[in-house]
Each structure stands twice: as C-alpha cells, then as structure tokens.
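Enquirer: In case you want the letters, here they are:
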Amino acid sequence: MSSAVDLAPRTSFQGLILTLQNFWAAQGCVILQPYDMEVGAGTFHPATTLRALGPKPWKAAYVQPSRRPKDGRYGENPNRLQHYYQFQVILKPNPPNLQELYLASLDAIGVDLKLHDIRFVEDDWESPTLGAWGLGWECWCDGMEVSQFTYFQQVAGFECAPVAGELTYGLERLAMYVQGVENVYDLNFNGGLGDERVSYGEVFLQAEQEYSRHNFEVADTAMLFRQFTDAEKACRTYLEAGAPEDEAGRHRMAQPAYDQCIKASHVFNLLDARGVISVTERQSYILRVRELAKACGAAWLRTAGGGA
Amino acid sequence: MPDLLLELRSEEIPARMQRRAADDLRKLVTDALVARGFLYEGAKAFATPRRLALHVAGLPARGQDVREERKGPRVGAPDGAVQGFLKSAGLTSLDEATIVSDPKKGEFYVAKIERPGRPTLDVLAEILPEIIRGFPWPKSMRWGAASAKPGALRWVRPLQSIVATFGPETETPDVVPFAVDGIAAGTTTYGHRFLKPDPIEVRRFDDYVQALERAHVVLDADRRKDIILHDARDLAFARGLELVEDEGLLEEVAGLVEWPVVLVGSFDPSFLEIPPEAVRATIRANQKCFVLREAGSERLAPAFILTSNLVASDGGLAITAGNERVVRARLSDAKFFWDTDKAIPLESRLPKLDSIVFHEKLGTQGERVARIAALARELAPIVGANPDRAERAALLAKTDLVTEMVGEFPELQGLMGRRYAELQGEHPSVAAAIEEHYKPVGPSDRVPTDPVSVAVALADKLDTLVGFWAIDETPTGSKDPYALRRAALGVIRIILANEHRIKIASLSSKMFAWLLARQGAQIEAFIDEKPVENTESRSAEIVENFAIPARFLNFDGLLSKNRELLFRSIDFHRSESRYQDFGSYAKDENIQQYILIARQQLGLMIYVEDEREAAERATELAKQIYWLHGFALETIDAYDLGLLESIKSNFNDKFIARLEKFSGLESQSILVFFADRLKVYLRDQGARHDLIDAVFALPGQDDLLMVVRRVEALGTFLETEDGKNLLAGYKRAANILRIEEKKDGRSYEAEPDTALAAQGEPEERALSEALVAAREAASRAVATEDFAGAMQALSTLRAPVDAFFDKVTVNAEDPALRANRLALLNALRAATLEVADFSRIEG
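Here the protein sequences line up with chains G and F, keeping their order. If you use the numbering used here, the first sequence closes out at 308, no skipped numbers anywhere. If you use the numbering used here, the second sequence closes out at 1151, no skipped numbers anywhere.
Computed list of lysine to aspartate or glutamate pairs in DMTMM-like fashion (alpha-carbon distance at most 25 Å, straight line):
#1 F/Lys596 x G/Glu138
#2 G/Lys70 x F/Asp641
#3 F/Lys352 x F/Glu438
#4 F/Lys660 x F/Asp641
#5 F/Lys643 x G/Asp186
#6 F/Lys596 x G/Asp112
#7 F/Lys596 x G/Glu145
#8 F/Lys747 x F/Glu807
#9 F/Lys1039 x F/Asp1061
#10 F/Lys987 x F/Glu781
#11 F/Lys447 x G/Glu100
#12 F/Lys447 x G/Glu126
In short, the hints are calculated from the structure, not lab data.
Please put together the full structure from these sequences, using the hints given.
Expert: Written out as structure tokens, the structure is:
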C-alpha cells in the first residue's frame, strides 16, 4: 500500500522540520524539544540564553514556538502570525565553517544552490530585554529573508567567551518558499496527499483568530500587571535562595529564576499588545526585564553548566 | 621594484563599510611604510563582500642604509660618560670610535654608525599584523574557539585567510612571514562562494586579479558598479524602458555581490496606482532593486532590475521568480498601506501625535505641532501667507508620520503627507507646504518660496532651535545631534531668498515663554496623575522628566537643592492631612521656598490663553500662597478676586519683568548662534567676516535681511576712495581718543560744543557742522533702511575729517578747546555707529 504522505520539505511543513532536525543531529547537536514556556523567540530558550554563557562547548538545535502578541492579525494577513515556529541552532564555540554548514542545511531542505541566489546581508542583532547583542546577517534566498545568522558577542550583559554562533530559521516563511505557497495558511502541514492533506490553516487559523482577540482586546491587564510584579519578585527571591554560600560556592537556582524572567518578558509583551504601556514606561519595563536577565546570567555563570 | 599583495578574506563584509575599509587599509599600510622610510610608487586597495585587497607597487627590496656620526665625550672624559656613549652608539669599546680634534674643544670621540637598511619583507611582517589587529572597523567582533581568551583578534566578521606576498615581477615572490591569531599569511585564496569555491594559488597582483576573474570574482567595486549599470541600462532599453538611476543603491548593490548578474523582473501593473515614490522606496529599501520607467516619460513601468550573485543553471528563472514573489508581497503591503492611509483624513490622525514623543524633555509631536501651528499663523502676515492656510498646513505637516506608509518608509515623510492632502482636497499651497516645510534639507536643496511653505518651514525650524536651546542641547564642536546648525542655516536661506523681515530674537523670546507655560501646566498634570508614594522619588522623577522647569525655576537663583524643596512642598501640600496643622509649617524653610516658587508659577498664568483657566489656576496658587502664609482656608475663599488683584500687584510685575528678561537672554544667545551661522553662510558667499561682525556689534540686529543689506552697503562703501579714507580717519580718531582718554582717565562722550568749535579753526568748525549734518542724514537714511544713503551721508565727512587732521592740533593748550576737539572725534565715532561698528573693521 503506497503511503498517502510525502515528507519531502517541498510538500510538508513537518517534513521541513524533520529534515532540519536530522541535518543538525548529524552535526552532533543535541536535539531538544521546545521550551515549555511562552517565549518571543527561540533565543529565550535557556538552551541558548544560558548555555551561550560560560566556557563549556555546547551544540543544540530545536524548534521553538514563538509568541509575538502584537503581530496577531486575526488570521487575515498571509504572512503575519502571533504564534509561529522558529528552528534554532546554537553552536558554541562557532565552528569555522558555520556558513558552509548553514548552506548545506539549505541544500538538505531542497534549496538548489545552483539555481538560487543566497546572500548574507548585514543585520546586527540586539535584544534589549536580554541585554544581548551580536553581529551577523539576514540570509536571503532570491531576495527573501529566510534566516538570521548571528555571532553572539554578549548575552545578559556578559561577554561571550567563547562566542556562540546562532542560526534561526523562520520555518513558516521558509516552508512557504520551498512549497511555493503565497499564504501561510495554505501550507501543507503533514505532507498528506489528497484527503490526507492537513493545511497550516486547519491547525492554526482558529488559534490566530482567538489569540488575536485575546492579545489585543481581552487579556486581563490587571492580572498581567500583577503577574509581572510577581514574576519579578519570584525571580529575585529564587536568585536569593539559590545564591552561593561563599566565594567559591555555586548558585543552585539559576534556571528556576530564569523561568520567571522569561515569564516577565512574555507578560510585558502581552501588556504592550494591549496598549496599556506608555512610551516612557515601555523603556522602564524593558530595563526591568533586562536586570532580571543579567542577574540570571550572573547566577548561571556560578553553576556547573556555566563553567563554575 | 618589488610589489606587495595583501588580501584579507573574511565572511561577508557589510556593503556600507567596504569602500571605507579599503581606503583605511591603503592608508594605514602606506603610512606605516613611509613612516619607516619606505617610499612606494603607487598603491590601490579593493573591496568585495568577502575580501579586502591591497596592492603596493614599487617598494624597495630593503630600506636605505643609515650612516650617521655621533659625537661623543672628550678624550679622557669620566668613565660614566664614555660608557653612556658606547651604549647609545652601539659600540663595544672605544677602539671602534675615531678621535677627532677640534681647535676649540680639543680631542673627542666620534662614532661612525652604519646601519644597513632592513629587508622590506621583515618590516612588512612587523607592520601588517599590527594594522590587522588595530583595524578601525566601525563595528567588530570576536568568533570561534579563539574568542574564549581575552585579547582575541577582532574583525568585522570572521577573518578566514590572509594572502601576503612580496617580490619583484620577475621572480617568485616571498610570503610575508606573519600570522595573526593562528591565521598564517600564505598564497592561497578562494573564488566565488558558489560559482568557483576552489582554492586559488596567487603570486602577485596581476595574476591575482586574473585568477579571481576566472573564479568569478570582480575585485574592483567600480568595475562591478559599471557592469551593473550598463547591464541594467541595456536590459531596460531592450524592453523600451529606462533605468531610474540611483547612485546610493548602486554602491550598495555592488557591495553585495562578487559577480554581478543583472536580471529583470516584473510586477502587476495595478500596483502602479501606488505613488511612484512609494513603489520605488518599497523596491529599493526591501529588495535592493532598481525601478524602471517608460522611455521618455516619468511614469514608472511595472518592472524592476535585480542584481544576483549567481550565474544560475536555469539562466536566472528561479531567481527572478523568487524576487518577483517577494516584490509582489511587498507591493501588496504598500498598496494596503496606501489604501488604508487614504481612508483616514489627516486631521483625524492628530490625536495620535500626542502619543509620539518628540524628545523626552520637549514633549510630544502633538504639542510641537500645536506650537508650530500657532507660530506659523503668527508668521503668516510677515511672509505674505494666508494665516488660515499656514495654520492648517502646520497642523497637518506631521500627520503623515503616523501613516502606515511613512511608518514603513520614513524617507517618504512629507511627500506622502502631500499626496494624502491632495487627495482629501486641501488647498494646493497647504498640500505643498506639508512636503516643503522640511526644506531646505541640505546645502544643495531647494528653498521653499510659496508663502505658506515658508511660514511652516520657518515655524518648524525655529521651534526646533528654541526647544533644544531651552533644554541645553546646543551644538558643541563637531557634535550637533539634532542638526541645529542645519535648521538655522535653513532659516537664514529661506529669509534671504524670499527677502522676508523677521525679528529672530523677539520671536524666539515669545517661543521660550510658550515652552515655559506648557511646562508649568505639565508639572501640575504630572502631579495630579500619579499619586505620591515617596516624595524623594517624585522629585527625582520630575527633574528627570522636565528639564525645562529645572532650568527655568533656576533662573531666580534657585539652586537644584531648592528645586527639591519645591517638589517636596508640593507633595506636602497635596497630602490633605497636612492642611490641619499649618501654623508650624508656615515658618518652615521649605515652605518659604515654596511660596517663592508658587509666586513664580502665578506669573506663568499670564501665558495661559484661556482666561477662565488662568483665573482658576491663579486662584488655586494664590490660595496656596496665602494659606502657607498662615491664613485660614475659609478666609481665602472670601478674598476671591480681590485676592488675585492684590497678588498680581504685589508679586507679579516683578516676576513678569524677570521672566521677560530671562526669555530675552535666551533669545539673545540664539541670536548669537544665528549670527555665527550667517557669518559662515555669507563667508561662503564671499562676504568679509569683519564687516558682518561690525554690523552685528550694533544693538538690536535681529532682522537678518537688514543685516545682510547693511553688510552689502558697507562693503560697497569701503571699496570707494571716500570709504577707505573715512575708515582711515576713523581709525586715527579712535586711536587718539583711546590714548587721550587713557591719559586723562575720563571719556569724551559729551556732545561737542558747536559754539566753541565755531570760534576755533575753520576746519574745526567745518567738521563740527559736517558731523551734525552727516549724522542726521545717516540716521534718517537708516530709519528708512536706505543703507547706501547712510553710507553716502557718511562719505561727506571724508573731506572735513582729512582737513581737520591736516590743520588742527587736537591737543590744544586751552583745555576747553582740547576737550571739545576730543569730543569732535568722539562725535565722528558716534556718527559711524549709525551704520556699523567701525572698530570691528580690519585694514
């Protein structure tokens, strides 16, 4: 019986994910699952933020559902989503042939490098909330940005030593390109043919509508303000509780504290989408999250994972 | 003569940095060589996205031998001196020195030092790594395993390899022996990333360039630009179209490819209903593609030029299709922006400007627009504009900042506003002013001439200047982050080109007062809005949020400490519970301070336009003052208007006077800034800076057009014989006066006694009469702005002044006569002051 499913990236969204996973697994990456909290980008996953700090080598790849409450368009825009997938690769230190590896991964998902014009166009990355920055490019395929390529220079206010290379693939956009689809909701999700076909819209359209309503109109701002303060407090409490007992000691609560930092960041994004944060306040909220991120980064550097 | 070839191959260098980096590389290497005495015949540097290359031709194989003689100590000098000499001259013993005898100094040692020139190769090996380590990239980074250690090499993106060879054309060159952070210089490079990624062995520049060409790399950016430009023109021509040329984009695109392959894509003609500037901005900014127009027409064509970096196996079909897809998506966005924007009248966007911070200390765009609109209205009659239209245009001038289109493409500000205004049927002058009020942007940009545009352009620029002046953000040295010099120059050019009469200082003064009033209102709103938790943090917050009050409250000699007291007192006052026990507080030093400031605030009320609001707030403030003075609250209510009156008469006049003085001082300092800018501008136009100084030295020169007229008339006058001689006479008179006044310890500023002069020498009488007549005539002419006439009047003084100095002895025996003659000289000085301060004129 012939399968009614074609997992080639050009017919299947999940096929694209599986191909990337296999490719980076073959490069010795730890293949992680998405972090079980709401984040704005794959970078927030502790496997990137925290692991990018300290001297220990680290190679990981994972899919991260990313939430950008403000980008919701009630399912009406063919390119914009408030929830989408990033495929994240982090390699510390970055291997000398990271660009070649990246190009090979494009080849693996069916981008023929003899037919397509791939370009590395300057794009320096900065995350004010994470106190992080790096230099790199946006990677263009025939004029379309399909990935971000960054050499982390600083995370949580600390110099990266050694430097980690980070690749972020915008999966929906890449899939639209590979599948030749103009509207994200038309993507073939499972690679099913005929009746077996499940579209991206069938999986996510309703969610986009519901969450757009939630993000822009209904999200309980009083609760969110409370949650922000609570998360901020909890983060500090956990950092305090896990603090090293002496100069030589290790920190014992860096990761639970960092979870609260992530939470504060997402709550802030929701409040921002609800339009209840003024321009001046906005800056101060970003600063508060950054302070948490810095404190968590400092704590992580005092853990075994951070090389202490 | 041998050549140096250097190639620094890296991952993709940002396009905008390439040309500068190539220049820096050439300069750093050749400067370092020259500094070590190595001259060269020529040097040229190149950049592609993946490499910087340098060719230095005609270097010597080794440096010149150095021969010098160094004088040493006398023969028989102490051992210490001898040892020092040997060490500094590099000798091991005195046997290597020669003895020279001198008839005066006797015999002494001389060392003849001969240092052979160092091989150039060694010197290169020394300087190149230094230059690479210290290369001035605008932004640089660390990477890879080496970045674990401090002091790792920094480069713009990871540096992959170094080629460095040195040698004559006829022989195999040497590799310059050096390494940086483990990257050793060699002879291997690589070709195009996709088309020819294999290693290439290079020896010297000529074969390097050729080998790269074979490997699909065009080394020279200018050649890449030529290729793109010509291919683009040809492809356009073949379709009956023309390329819309764009030098900035061409430079950028040439920095994105090593092997340019130019292709044409097309899009749906229905997108052409979007304004052409927006189509172009979309395709340019997002896709780095050129737009095309119909041959011989300004109309855009539904096609674009893209530059790929690949000779694709399908002839570029997939690349073109991919780019078309993205262009389509982008244009769909632009069309969506256009359609959405069109549906919303510009004036209904005004409230949104209230939420956009223009500058944290100067408030929102909304407030700024309100000020600009009021000022534009005020300026309208002066520049011959319809006041309603000027105000309307100013009101709408910034509304396009909150349109979708300008949000996406900030460079379209003004232009989109104009388009939307035209669509909603605004008067053509109003629509034009929305675009033109930003002008002139640069020295070569057009100056607006439509009166409405002029009014709004002046209002916009003056508001910027006064605003940043008020918060102390004035340009210093090379730093001018808010482009205030450009704004002032814009004002000058607009005024002069349109021959408008505008009193810069008094206008500025008025605007300071507006800013002041706004600030008072804002602090109150700020305090009302946020309940107090902690007065300390409140004070800090206010100081941080409102720079102007800090400054303006200071003007009464209040130190920053006193400001703190004010805020503490305000908070104290607002917490109701403390009303209970006022007696003790009334004596409190804080409260005394507060009273003072509350009085000042009261003074601000004269600038609140709404009379009722002013009265209410003044009453409130008056209550505070009186209450703090120890009156019971109930009593105050009874005082009512009578109270206000008494407050006004008691405190206000003094305060208002002070306020005006302060605004006046501020606007004077702006005027000085304008004078400087005008000087720079006129100097560029060929005017003498001393003449400009001479005119600005007169009081009340805030009408720039009149200043320029006066400078012109003065210049013409000083070119004439009469002018030159009068200036000489003036200088002589001023000289004598200076000496005599110093000797006598008094000045001779009294009017000369004409009767006394009439009894003296005939020349004395003549001068006295001429002075009275000339001064009167000059003054009359100046009053009618006839500067040439004023100069003409002064020129009548030449003959009597010459005759006076010829025949009359100033220092007469008779003290009364002497004093009167000195007074005559002073009267000459005074007469010239009608047109300019002659003491500032050189020559």
